[in-house]
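2 protein chains.
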Amino acid sequence: MLSKIKLPIDCFGILVYIIPMKSKIKMSVVDLVILGFLLNEPRNAYALAQLVEKRNLSRLLKISRPVVYKSCRRLNEAKLLKSKTIRDSEAPERVIYSVNSQGKKHFYKLMEYYSSRISSFHFESNSFIWNLYHCEYKEGLKMLKNLQMELTSLLTGMKTHEKEDAVANANFCVRMVVKQYRMILATKVCWINEVIEEYIKQGGTQ
Amino acid sequence: MLSKIKLPIDCFGILVYIIPMKSKIKMSVVDLVILGFLLNEPRNAYALAQLVEKRNLSRLLKISRPVVYKSCRRLNEAKLLKSKTIRDSEAPERVIYSVNSQGKKHFYKLMEYYSSRISSFHFESNSFIWNLYHCEYKEGLKMLKNLQMELTSLLTGMKTHEKEDAVANANFCVRMVVKQYRMILATKVCWINEVIEEYIKQGGTQ
Numbered sequence: 239m240l241s242k243i244k245l246p247i248d249c250f251g252i253l254v255y256i257i258p259m260k261s262k263i264k265m266s267v268v269d270l271v272i273l274g275f276l277l278n279e280p281r282n283a284y285a286l287a288q289l290v291e292k293r294n295l296s297r298l299l300k301i302s303r304p305v306v307y308k309s310c311r312r313l314n315e316a317k318l319l320k321s322k323t324i325r326d327s328e329a330p331e332r333v334i335y336s337v338n339s340q341g342k343k344h345f346y347k348l349m350e351y352y353s354s355r356i357s358s359f360h361f362e363s364n365s366f367i368w369n370l371y372h373c374e375y376k377e378g379l380k381m382l383k384n385l386q387m388e389l390t391s392l393l394t395g396m397k398t399h400e401k402e403d404a405v406a407n408a409n410f411c412v413r414m415v416v417k418q419y420r421m422i423l424a425t426k427v428c429w430i431n432e433v434i435e436e437y438i439k440q441g442g443t444q
Numbered sequence: 239m240l241s242k243i244k245l246p247i248d249c250f251g252i253l254v255y256i257i258p259m260k261s262k263i264k265m266s267v268v269d270l271v272i273l274g275f276l277l278n279e280p281r282n283a284y285a286l287a288q289l290v291e292k293r294n295l296s297r298l299l300k301i302s303r304p305v306v307y308k309s310c311r312r313l314n315e316a317k318l319l320k321s322k323t324i325r326d327s328e329a330p331e332r333v334i335y336s337v338n339s340q341g342k343k344h345f346y347k348l349m350e351y352y353s354s355r356i357s358s359f360h361f362e363s364n365s366f367i368w369n370l371y372h373c374e375y376k377e378g379l380k381m382l383k384n385l386q387m388e389l390t391s392l393l394t395g396m397k398t399h400e401k402e403d404a405v406a407n408a409n410f411c412v413r414m415v416v417k418q419y420r421m422i423l424a425t426k427v428c429w430i431n432e433v434i435e436e437y438i439k440q441g442g443t444q
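Protein chains in written order, with this note's numbering: chain H, 239 to 444; chain Y, 239 to 444.
The shape of chain H in the complex, shown without the other chains (with noise of 0.2 Å):
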């Protein structure tokens, strides 16, 4: 993004500003969805941020309607957009966005670099795991069976969300996606099954 750097100085009792020809852009999750719709089309904010909605893609990575118009807003001050101003008698002016060449180049760099790093990834029902120690046996383990239900009836939906047409045909990606997050899910049933059996057998969180 361009930013203004105030000199220290009021020189000539005129505000100087330093405007850096090239600017660092952060890295950003976001703007690697953005740059990859833009790729496929060229398409303006709100457009983007319905394909946003419409893809769900919500569950996928924090995202959501002013954040991608910020991303656009981004992107394009950072010279990685080629804007177009459509103009038309019935429908407001509307700034369409494609992808130039720095753009492209920003894109792959993204790739790479979420390709070699893993974020830490939370999982907000950890937090009553950890502090389990503070219920009473049976308290505990009625909280436990509660998770128990949750993550089996989730993976139940994603099991069936899978073997649905729109996922089932989907390109490569989305299918490797879906089956990351079945697959997880199986894991976190395992996974409570085990902490249940191992809460019964020693009587509580001893």
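Heads up, some of the hints might be wrong.
What the hints assert, rightly or not - Quick list of in silico lysine-lysine cross-link-like pairs, BS3-like style, CA-CA up to 25 Å:
id: 1; chain 1: Y; residue 1: K397; chain 2: H; residue 2: K439
id: 2; chain 1: H; residue 1: K347; chain 2: Y; residue 2: K380
id: 3; chain 1: H; residue 1: K383; chain 2: Y; residue 2: K417
id: 4; chain 1: Y; residue 1: K343; chain 2: Y; residue 2: K320
id: 5; chain 1: Y; residue 1: K342; chain 2: H; residue 2: K383
id: 6; chain 1: H; residue 1: K376; chain 2: H; residue 2: K347
No lab work stands behind these hints, which were simulated from the structure alone. Computed from a prediction, not measured in an experiment: that's the story for all the values here.
With chain H fixed as given, assemble chain Y onto it according to the hints.
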């Protein structure tokens, strides 16, 4: 949290506020962790933040020093904590928090809440998989192998960590969380191996 609601009319020249007697506090996984720590022993916000860092809790959930401070303020304002100010001639004033009976009720409510729902979980590297079809075969394969190497080395590290005294001798809850991470990493290694196999078999993402 107590919130002041300003009336639209300035009655009698004095601004009128309605202070609700009881207000709803949102469900927060950070509040769960903070209440859990305070149930063990009373502490000030600084000591809590240090504990979070020492226990590497940022691996488990999105938590940071400012988030800990905010949680203390929020819980205290919601009257879920008792606070006691310690004045010492040598050190600066400290506010020590402990959990009151309302706070204890809220803790169990949070435990119940997080044991009964799985929030969506995100893996940043999936945005790379999602966009793999933009890559040439050889380039895509190289990136998939990056991910394979990364996941395999994380799994090795986690297995070593699990055998270290600090984990092996830890309480049930800590051991179960570490076990879960190891099982998930093992699943992700299986998954990437299968992805690469299928990618090679069909010569790319077709």
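*Looking back at the hints listed earlier, which ones does the structure fail to meet?*
6
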